[in-house]
Every structure is written in structure tokens, then in C-alpha cells.
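Asks: Please model the complete structure; the sequences and the hints are all you need to start from.
Protein sequences appear in the order of chains A and B.
Going by full-length UniProt numbering, the first residue of the first sequence is number 1, and it counts up by one from there.
Going by full-length UniProt numbering, the first residue of the second sequence is number 1, and it counts up by one from there.
Since the hints were made in silico from the structure, they are not lab data.
Check the hints yourself; a few may be wrong.
Unchecked claim - DEER-style ranges, computed between Cβ atoms:
{"no.": "1", "chain 1": "A", "residue 1": "K38", "chain 2": "B", "residue 2": "F4", "range": "19 to 27 Å"}
{"no.": "2", "chain 1": "A", "residue 1": "Q131", "chain 2": "B", "residue 2": "D164", "range": "31 to 39 Å"}
{"no.": "3", "chain 1": "B", "residue 1": "A24", "chain 2": "A", "residue 2": "K109", "range": "36 to 44 Å"}
{"no.": "4", "chain 1": "A", "residue 1": "V30", "chain 2": "B", "residue 2": "A24", "range": "33 to 41 Å"}
{"no.": "5", "chain 1": "B", "residue 1": "S66", "chain 2": "A", "residue 2": "C42", "range": "43 to 51 Å"}
{"no.": "6", "chain 1": "A", "residue 1": "I155", "chain 2": "B", "residue 2": "A18", "range": "23 to 31 Å"}
{"no.": "7", "chain 1": "B", "residue 1": "N36", "chain 2": "A", "residue 2": "I156", "range": "37 to 45 Å"}
{"no.": "8", "chain 1": "B", "residue 1": "A24", "chain 2": "A", "residue 2": "I156", "range": "53 to 61 Å"}
{"no.": "9", "chain 1": "B", "residue 1": "Y6", "chain 2": "A", "residue 2": "V43", "range": "29 to 37 Å"}
{"no.": "10", "chain 1": "A", "residue 1": "K38", "chain 2": "B", "residue 2": "P91", "range": "40 to 48 Å"}
{"no.": "11", "chain 1": "A", "residue 1": "I35", "chain 2": "B", "residue 2": "R131", "range": "14 to 22 Å"}
{"no.": "12", "chain 1": "B", "residue 1": "D153", "chain 2": "A", "residue 2": "K38", "range": "55 to 63 Å"}
{"no.": "13", "chain 1": "B", "residue 1": "D153", "chain 2": "A", "residue 2": "H137", "range": "24 to 32 Å"}
Claimed, not checked - Derived BS3-like pairs: lysine-lysine, alpha-carbon spacing no greater than 30 Å straight-line:
{"no.": "14", "chain 1": "B", "residue 1": "K78", "chain 2": "A", "residue 2": "K105"}
{"no.": "15", "chain 1": "A", "residue 1": "K86", "chain 2": "B", "residue 2": "K149"}
{"no.": "16", "chain 1": "B", "residue 1": "K120", "chain 2": "A", "residue 2": "K86"}
{"no.": "17", "chain 1": "A", "residue 1": "K109", "chain 2": "B", "residue 2": "K51"}
{"no.": "18", "chain 1": "B", "residue 1": "K50", "chain 2": "A", "residue 2": "K105"}
{"no.": "19", "chain 1": "A", "residue 1": "K74", "chain 2": "B", "residue 2": "K50"}
{"no.": "20", "chain 1": "A", "residue 1": "K109", "chain 2": "B", "residue 2": "K120"}
{"no.": "21", "chain 1": "A", "residue 1": "K109", "chain 2": "B", "residue 2": "K133"}
{"no.": "22", "chain 1": "B", "residue 1": "K146", "chain 2": "A", "residue 2": "K109"}
{"no.": "23", "chain 1": "B", "residue 1": "K51", "chain 2": "A", "residue 2": "K105"}
{"no.": "24", "chain 1": "A", "residue 1": "K38", "chain 2": "B", "residue 2": "K146"}
{"no.": "25", "chain 1": "A", "residue 1": "K74", "chain 2": "B", "residue 2": "K146"}
{"no.": "26", "chain 1": "B", "residue 1": "K149", "chain 2": "A", "residue 2": "K74"}
{"no.": "27", "chain 1": "B", "residue 1": "K146", "chain 2": "A", "residue 2": "K160"}
{"no.": "28", "chain 1": "B", "residue 1": "K120", "chain 2": "A", "residue 2": "K105"}
Ideal Cβ positions, reconstructed from N, Cα and C, are used throughout, including at glycine.
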Amino acid sequence: MSWIGETVDSIKSIKIRQLLTQAVTLGMIVTSALIIWKAMMCVTGTESPVVVVLSGSMEPGFQRGDILLLRMTKDPIRTGEIVVFKIDGRDIPIVHRVIEVHERKTTGKVDVLTKGDNNDVDDIDLYADGQMWLHRHHIMGRAVGFLPYVGWVTIIMTEKPIIKYLLIGAMGLLVITSKD
Amino acid sequence: MHSFGYRANALLTFSVTALAFICAIASFSDKFSNQNPSAEIQILNINRLKKQSYGNDEVSLTLDISADLQSLFTWNTKQVFAFVAAEYESPMNSLNQVSLWDVIIPDKEHAKFRIQTSNKYRFIDQGHNLRGKEFNLTLHWHVMPKTGKMLADKIVMPGYSLPDAYK
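Replies: Below, the structure is given as C-alpha cells:
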């Protein structure tokens with residue numbers, strides 16, 4: 001009767017080892033994606049090296065669903081630069097162009113006014129109550145490059161989260177059922 | 001090795017890589033274009049130089065802008081965004097840049113133009129330093145590609161000045 005116990009044991013141990021290998025492989029994939037993301041943050045100098053254009057305020061140059069590549073350097077902010085900024089208390093980054101700069105002699109601090117190319121008026125109404133200018137700490141990066149259409153994946157996943165769950169479910173299923 | 005899943009995966013990976021490669025080459029080809037844009041700006045009239053109720057100076061002027069930006073267009077160009085800004089110094093600020101007018105140029109035909117216009121955006125100082133102020137007018141352009149790296153540059157035209165008294 002002991003051979004039953006032996007066979008059961010060997011079956012159990014194979015399954016566990018396979019499961020562990022799969023879990024480790026999955027962990028490695030996720031971790032390398034994270035490493036790449038963090039490395040991009042270091043290289044470009046900004047917290048979000050890539051943003052998706054969400055509104056039509058910069059058309060026809062940037063359409064909804066395009067991806068912008070960002071960089072932040074210590075260079076002073078000047079008119080004409082396309083910057084990504086966040087208003088205090090709001091999560092969504094906004095991508096607009098700088099149309100006015102006033103730089104203080106003594107401190108080097110700047111007052112910045114922005115406007116979307118496709119908007120009729122400047123962004124003063126978008127800023128927080130009583131705020132007339134943007135300052136350097138609001139600005140997350142400058143747009144230096146651009147890829148069309150690729151950002152639609154992110155927009156769809158944000159606006160219809162069911163697709164996100166479907167995708168993750170499908171990927172999980174693939175991992176579990178794959179033979180290697 | 002020949003299941004639908006494997007084939008679809010291989011096809012997808014290959015096409016994404018190929019597309020990325022093509023985008024990179026398209027962007028790289030922009031480096032070889034010869035660019036020599038030219039521009040000239042004249043101030044036709046200073047319409048108003050006044051002090052606002054909160055104490056800031058404001059100028060309204062009419063400009064005559066002529067420019068030839070045709071050499072900036074390549075096959076990878078989606079549009080060129082051009083704008084005119086006034087640059088000057090004031091006692092509190094080492095640099096002030098105020099955008100006065102801008103235009104979106106969608107193709108090469110529209111890139112050579114001459115226009116007479118009053119300033120599209122208000123020219124307001126932080127303070128009341130504009131009387132007799134000397135300033136530069138700069139024409140900036142921003143080339144937005146169909147894909148890849150964006151390019152921006154400018155022409156600086158010095159030697160403009162505002163009247164010595166409010167009008």
C-alpha cells in the first residue's frame with residue numbers, strides 16, 4: 001500500500017514545482033517591466049516619461065489618443081515649449097503650450113501662462129482659484145517627441161474598465177494553462 | 001509551434017517592432033533636411049499704451065509679419081506652429097516673454113505669408129515698465145512631425161521700442 005502513497009507524493013511534488021516556476025516567471029516579467037519604467041524615469045528626468053493626450057485642445061497637432069514622450073531638464077522654461085503640468089489638487093495632467101514667461105531677476109523663479117493651441121482663451125480658468133500663473137513645480141516635463149494613435153489602448157482601458165478586467169483575466173488564463 | 005496563438009503572437013510582435021523601426025527612420029530622416037527660414041516683422045502702429053486699473057501697463061499694436069517657412073516642411077511634417085513673441089527686461093524680471101500672435105501652418109503652400117494684424121493676445125506687463133521700453137520681437141516655429149522628434153527654433157529681431165508716454 002505504500003506505493004500508492006509514493007505515487008501520490010510524486011504527483012504532488014511535480015505540480016508544486018511547476019506552479020512555483022510559473023509564478024517566478026510571471027514575477028520576473030512584471031519586475032522587468034517595472035525596472036524598464038523606473039529606468040525611463042531616471043533617463044528623462046520626469047515622473048511620467050510618457051503621457052497620453054486626452055483632450056482635443058492641442059489639435060490638429062496632437063489628437064486624442066496620441067502618446068507624448070516627455071523630458072524634464074533644468075533649462076529655463078521659455079515660450080513656445082509644450083509642457084505637461086498638473087494643477088494643485090487635480091490628478092489629470094494637462095498638455096498645453098507656454099505663451100508667457102516672466103522670470104525674476106533675484107530668485108530665478110518663473111511665472112508661466114499656458115494655452116492650448118486649439119483653445120480661444122488662455123488657461124487662467126483652468127488654474128486653481130486665485131492662481132494667475134504656473135510655477136516650475138507645477139510642470140512635470142516638456143514634450144519632445146510624439147507617437148500617433150498608440151495611446152488609444154490606455155484611453156479604452158480607462159474609460160471602459162471591463163476591457164481591462166477581460167484582458168487581465170485572459171492573460172491569467174493563458175499563464176495557467178500554458179504547458180511550459 | 002504552429003497553433004493559432006503562437007502565429008498571432010509572432011505576427012503581432014513583428015509588426016509592432018517593424019512599425020517602431022519605421023517611425024524611428026522617418027524621424028531620423030528629418031536630420032538631413034536643409035532648413036533656412038526667413039522672416040521680417042514691422043510694427044505698423046502702436047495703437048494704445050495705457051495703464052490698467054490694477055496698475056499694469058498694457059500695449060496694443062498692429063504688426064506686419066512676413067515670413068517664409070517653406071524649407072521647414074519635410075515629408076514627415078504634420079504642421080508647423082509659428083508665433084511672434086515680444087521679449088524685454090524689466091526692473092523686477094530678468095526676462096519677460098509675451099506671445100502676441102500665432103498661427104498653425106498645415107502645409108507648405110501656407111508657409112510663405114504676409115499678414116497685417118493687431119496682437120491676438122494681450123500684451124500686459126507685470127508692473128508699469130513699458131513706457132519707452134526697448135524690446136525684441138522673435139518669430140518662433142515649432143515643427144510637429146507625423147511621428148518622432150519635434151523641432152523648435154526662432155529668429156530674434158531686436159531694436160523695437162515703445163513710446164515714452166501713455167497714449
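Asks: Take the hints in turn and mark each one as holding or not.
Replies: Consistency of the hints with the structure:
{"no.": "1", "hint": "A/K38 <-> B/F4: 19 to 27 Å", "result": "violated (35 Å)"}
{"no.": "2", "hint": "A/Q131 <-> B/D164: 31 to 39 Å", "result": "holds (34 Å)"}
{"no.": "3", "hint": "B/A24 <-> A/K109: 36 to 44 Å", "result": "holds (38 Å)"}
{"no.": "4", "hint": "A/V30 <-> B/A24: 33 to 41 Å", "result": "violated (27 Å)"}
{"no.": "5", "hint": "B/S66 <-> A/C42: 43 to 51 Å", "result": "holds (45 Å)"}
{"no.": "6", "hint": "A/I155 <-> B/A18: 23 to 31 Å", "result": "holds (24 Å)"}
{"no.": "7", "hint": "B/N36 <-> A/I156: 37 to 45 Å", "result": "holds (44 Å)"}
{"no.": "8", "hint": "B/A24 <-> A/I156: 53 to 61 Å", "result": "violated (26 Å)"}
{"no.": "9", "hint": "B/Y6 <-> A/V43: 29 to 37 Å", "result": "holds (34 Å)"}
{"no.": "10", "hint": "A/K38 <-> B/P91: 40 to 48 Å", "result": "holds (45 Å)"}
{"no.": "11", "hint": "A/I35 <-> B/R131: 14 to 22 Å", "result": "violated (58 Å)"}
{"no.": "12", "hint": "B/D153 <-> A/K38: 55 to 63 Å", "result": "violated (33 Å)"}
{"no.": "13", "hint": "B/D153 <-> A/H137: 24 to 32 Å", "result": "holds (28 Å)"}
{"no.": "14", "hint": "B/K78 <-> A/K105", "result": "violated (38 Å)"}
{"no.": "15", "hint": "A/K86 <-> B/K149", "result": "holds (23 Å)"}
{"no.": "16", "hint": "B/K120 <-> A/K86", "result": "holds (26 Å)"}
{"no.": "17", "hint": "A/K109 <-> B/K51", "result": "holds (25 Å)"}
{"no.": "18", "hint": "B/K50 <-> A/K105", "result": "holds (25 Å)"}
{"no.": "19", "hint": "A/K74 <-> B/K50", "result": "violated (36 Å)"}
{"no.": "20", "hint": "A/K109 <-> B/K120", "result": "holds (27 Å)"}
{"no.": "21", "hint": "A/K109 <-> B/K133", "result": "holds (23 Å)"}
{"no.": "22", "hint": "B/K146 <-> A/K109", "result": "violated (35 Å)"}
{"no.": "23", "hint": "B/K51 <-> A/K105", "result": "holds (23 Å)"}
{"no.": "24", "hint": "A/K38 <-> B/K146", "result": "holds (28 Å)"}
{"no.": "25", "hint": "A/K74 <-> B/K146", "result": "holds (28 Å)"}
{"no.": "26", "hint": "B/K149 <-> A/K74", "result": "holds (20 Å)"}
{"no.": "27", "hint": "B/K146 <-> A/K160", "result": "holds (28 Å)"}
{"no.": "28", "hint": "B/K120 <-> A/K105", "result": "holds (28 Å)"}
Comparing the model with each numbered hint stated earlier shows that hints 1, 4, 8, 11, 12, 14, 19, 22 do not hold.
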